[in-house]
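Please put together the full structure from these sequences, using the hints given.
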Amino acid sequence: MAKKYSMIINLAKCIGCQACTVACKFQNKVPEGQFRTKTPANGLKGTYPNVSQYFIKEACQMCQKAPCVSVCPTKASYYNEDGVVLIDVDKCVGCKYCMTACPYDARFLNKETGAADKCTFCYELKVSKGEKPACVSTCVGGALMFGDLNDPLSEASQFLAKHKGEVRKPELGTHPNVNYIYEGVVK
Amino acid sequence: MNGGEKMKRRNFLKGILYGTGGTVALVGGFGTFNYLGSEKAEAASQDLETTVFSSCEMCRNQCPIAVKVKDGKVCKIEGHPNDAAFGGVICARGNAGPSLLYDPQRIKKPMIRIGERGEGKFKEVSWDEAYTYIADKLYNVKDQYGGEAIALASRKGPHDWFFRSIGKALGSPNVFSHEATCPMTRSVALETTFGNEAIAADYANTKYLISIGRNWFEGIHVAQTRAVSKALSNGAKLVVLDPRFSVTASKGEWLPIKGTTDLAFVMAMANIMIRENLYDQAFISQYAEGFDKWAEEVKDKTPEWAEQETGISKEKIIRITREFAAAKPKAILDFGWRTAYTPNDYQLRRAILIVNMMIGNLEVPGGYYTTKPANFLKSYPDQAAYAKGLGSVAQPSFPKASKGRIDGTGVKGTPGQIIPTYDGAVGKIAESILTEEPYAIRAWLVHRFNPYISLTGSTKMIEAFKKLDLLVTCDVYMTDTAYFSDVVLPECTYLERYEPIFDMSGLTPKYVIRQPAVPLVYPDTKPYWQIYKELGEKMGLGDYFKFKDMEDYITQQIAPTGLTLAQIKELGVWTPPGMNAFYVRANDSKASLDNVLSNQRKKIEIFSEEVEEATKQGVPKYISHPQPEAGKFRFVQGKVAVHTNAGTANVPILNELMPTNTLWMNTVSCKQLGLNDGDEVVISSGTYEQKGKLKMTEGIRPDSVFCYHGFGRISPELKRAFGKGIHDNYLIPHEIGEVGNAVTSTTFVTVRKA
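These protein sequences, in sequence, are chains A and B.
For the first sequence, this note's numbering begins at 1 and goes up steadily by one.
For the second sequence, this note's numbering begins at 1 and goes up steadily by one.
No wet-lab data here; the hints were simulated from the structure.
All values reported here derive from a predicted model rather than from experimental measurement.
Even glycine gets a Cβ: it sits at the ideal position worked out from N, Cα and C.
Errors might be hidden in some of the hints.
[To be verified] The calculated lysine-lysine pairs, modelled on BS3-like cross-linking and capped at a C-alpha distance of 30 Å, are:
1. B:Lys510 with A:Lys132
2. A:Lys45 with B:Lys388
3. A:Lys187 with B:Lys207
4. B:Lys388 with B:Lys378
5. A:Lys38 with B:Lys237
6. A:Lys187 with A:Lys75
7. A:Lys164 with A:Lys3
8. A:Lys129 with B:Lys460
9. A:Lys45 with B:Lys693
10. B:Lys142 with B:Lys460
11. A:Lys187 with B:Lys671
12. B:Lys121 with A:Lys162
13. B:Lys121 with B:Lys109
14. A:Lys4 with B:Lys378
15. A:Lys96 with A:Lys3
16. B:Lys73 with B:Lys693
17. A:Lys38 with B:Lys73
18. B:Lys109 with B:Lys466
[Unchecked claim] Here are a few chain B residues that face chain A, going by a calculated C-beta distance under 10 Å:
19. Gly87
20. Ala92
21. Val668
[Unchecked claim] Which bits of chain B does chain A cover? Going by a derived footprint, with three or more residues having C-beta under 8 Å, they are:
22. 215 to 226
23. 371 to 380
24. 696 to 702
If you want it as structure tokens, here you go:
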């Protein structure tokens, strides 16, 4: 049965330490100055001394209805058998249509390959071997979870059964596979 | 670009990576990063990825790691998967290790200064020339002024056994760690209260956690950060006292306390707990002494008084104290892990320990515990089977120093009496160079330490460097201190060397190895043990280094444990199989603590005779430090998750994530001064000024300004970090606190538009 891989980001537990950011760079050999994921602070809210802040991990949202896939003229951007949005570097001509189409600003032109690049959930190097994406396995705060939502027994399914997962920009109908948990943070 | 071209490019870059030192410099900031093939090609590669278990050194904590090696290169670093405290996790700095390893800006050859100090002119020399130069100069100083005129300072670590042997063999008593710039006041408090420095907090099992400036989520110790995170997930309450809204503060209740008034909060807690009878009287009467003197001292430290001092409402102080006491004994008032705020910071740390003891949280889950190395377990029949201690490599005894230390450490009847002799007051070195009091230091050996950045009074530090007959720095980069040195020795990184087995015991014994993952990237760099062994041999001190190499050293060290070198190499980290976390009072609240309390009286010394003798304050007394007048700001500093103090500002990927710091100022204060977010400003502490960029924020007290530590580097050889950001210690005048500690938070500054 096909998988429905999802990443769950529990914002209350994220400490913005950037271990994920660096782990991704080495796992995926992302060139200097470029990032597949980053975890910036979402700004400080409130007025001294009543303030709050959280960090929000940014990367490809793994849309099930992905604008980047629809606009790609060479079919370089595609869904794989497990619903993960990937890029075939050999087919990519670097036209940047996908970068414009992506509502999450998750893509960039890799300055080494010249091809569009983004988070892959570490599909080839980790997930297809039964391991977790590099960011998830190095998460210091324990904010990241990863699993198959088609498997009701997976940690991810179990967690989402008890906690409300929200996707970014749901109004766009892109149906992302990255779920954010806002419990315990001031949105 | 077609596929064929891509392959060519890949092979070309691969060639560079396998090249000699000269061509490696062509590789960009990320070393191994810069060749790219498609992930499919990567996945299908015939080269097997291997794992080498070792320990990290991107900071001092030595976390166990799994180093991934492919094609002869370190490609990735992960946390050790088989150590439950780490669970495969490592922080951003730990992840960034390969970026240091392959950094072309590392120093690659021994160097001797040829220009004026600070001019940056060096010639590359052979190791033999460097050793000869150092040996001649050291013997000159020893002959002319005595061995005591030689000082040694290192960032505390496993290198000390080797590094310090040089100084001690020359008869110098002036051997220092960096601890005075770190939590030495805590060590003093532990030693004078329990007779035992090796006390740790069991964060994972606590229900209530109060931080006094401790910042687990930016000053990251992976195991402790994960433990705090686990406690919060299990519903623990977190309260954070800090003038600045740190990441840790954002995960709990933030109390923006007035700087340097923390002791008032702690004393008020004691006052409330006594008045409302919330403390554990049975525990105090069984294990402690001097409680009556403490009760007398806090009698008038009411919540109303503390509200005036701290700026935190009395209602909050009372509520938090009640909540803390209600959670006893699974509650922790954290003893902190940072450079001292004030000259008498050790009394704050002692008061914190006393309030903890008032809830009887020693040697129980969720409280404090002494670490449980093998020698500790021997006294417990049901634990003795796990007591497999490390051996040591024999050394002849060192000559007795003919003079006392420059910092008065160990002198009875003075504060020096309670300064830990292993650490000393490292700030005293520059003072003694400049004032020649009590006598002059003429030669200074520095190992993996950067006093210019790490100690206050940076301007004086440069003056001191310039006055020395000899300054030697061993490091991986041309640090600011190295830049002013006569001899610079290039150490290899932790990913290229063996080290003695590290005793990392916590609630069980734990041993961690550091072993090379790859051969030397720059062939003329060396591990510290080899550097000091060879220097010692050159100086005729070879008897102090009786081991063939580090494999031999480790073999001698682990012989008593029954482990072999091959086994520990394979495991990376070892803890006695089958042993559970051991708390002495877990099942018997009246169990003896005689093994935990290593002082003579076998008591928790709330009143300490020793402290009374040394400082006339046998119980902590409150000293009210001045608050900034209008127009001035208290200058506070802290840590950030992607950097390690003076250590990582130039590490490529970490520099990329955070190349500089800013000065945080409250929005209201900015408006009063007509300043805006992003303005270039001049920060002045009177004599000293630094330029920086302003960050306007709601996350700081209006009477305080803040910057992250470790920036404002003056060595042009740190090409990425040079000249960027604010150097906090440049602004803070040199001052040595009561127990030898550096002082960080009593400086006031003004800020104006640049």
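Comparing the hints with the structure gives:
1. A C-alpha spacing of about 27 Å is found between B:Lys510 and A:Lys132, which places the hinted pair at or below 30 Å, so the restraint holds.
2. A threshold of 30 Å between alpha carbons decides the hint, and for A:Lys45 with B:Lys388 the separation of about 53 Å lies outside it, so the pair is violated.
3. Straight-line distance between C-alpha atoms of A:Lys187 and B:Lys207 comes to about 26 Å, which keeps the hinted pair within the 30 Å bound.
4. For the hint linking B:Lys388 to B:Lys378, the alpha-carbon distance of about 9 Å falls within 30 Å, and the restraint holds.
5. The hinted pair formed by A:Lys38 and B:Lys237 meets the criterion: a straight-line CA distance of about 29 Å does not exceed 30 Å.
6. With a CA separation close to 37 Å, the supplied pair A:Lys187 and A:Lys75 exceeds the 30 Å bound.
7. Between A:Lys164 and A:Lys3 the alpha-carbon distance is near 21 Å, which keeps this suggested pair within the 30 Å criterion.
8. The hinted pair formed by A:Lys129 and B:Lys460 fails the criterion: a straight-line CA distance of about 57 Å is larger than 30 Å.
9. About 21 Å separates the Cα atoms of A:Lys45 and B:Lys693, which keeps this hinted pair within 30 Å; it holds.
10. Using a Cα cut-off of 30 Å, the hinted pair B:Lys142 and B:Lys460 holds, with the two alpha carbons roughly 25 Å apart.
11. Under the criterion of a C-alpha separation no larger than 30 Å, the hint pairing A:Lys187 with B:Lys671 is consistent with the structure, at around 27 Å.
12. Using a Cα cut-off of 30 Å, the hinted pair B:Lys121 and A:Lys162 is violated, with the two alpha carbons roughly 64 Å apart.
13. A C-alpha spacing of about 14 Å is found between B:Lys121 and B:Lys109, which places the hinted pair at or below 30 Å, so the restraint holds.
14. The hinted pair formed by A:Lys4 and B:Lys378 fails the criterion: a straight-line CA distance of about 53 Å is larger than 30 Å.
15. About 29 Å separates the Cα atoms of A:Lys96 and A:Lys3, which keeps this hinted pair within 30 Å; it holds.
16. The straight-line distance between the Cα atoms of B:Lys73 and B:Lys693 is roughly 39 Å, outside the 30 Å bound, and the hint therefore fails.
17. For the suggested pair A:Lys38 and B:Lys73, the alpha carbons sit about 25 Å apart, so the restraint of at most 30 Å is met.
18. Under the criterion of a C-alpha separation no larger than 30 Å, the hint pairing B:Lys109 with B:Lys466 is consistent with the structure, at around 23 Å.
19. Taking 10 Å as the C-beta cut-off, the interface hint given for B:Gly87 holds, the closest approach to chain A being about 9 Å.
20. The beta carbon of B:Ala92 is positioned within 10 Å of a beta carbon in chain A (closest approach about 4 Å), and the interface hint is therefore held.
21. Restraint check, B:Val668 versus chain A: the minimum CB separation of about 7 Å is within 10 Å; hint holds.
22. Closer than 8 Å: that is the beta-carbon criterion, and the region 215 to 226 of chain B has 6 residues meeting it against chain A, so the requirement of 3 holds.
23. With a cut-off of 8 Å between beta carbons, the region 371 to 380 of chain B has 0 residues touching chain A; three or more are needed, and the interface restraint is violated.
24. Counting residues of the region 696 to 702 of chain B whose CB lies closer than 8 Å to any CB of chain A gives 6, which reaches the minimum of 3, so the coverage claim holds.
This entry does not satisfy hints 2, 6, 8, 12, 14, 16, 23, going by the numbered hints stated previously.
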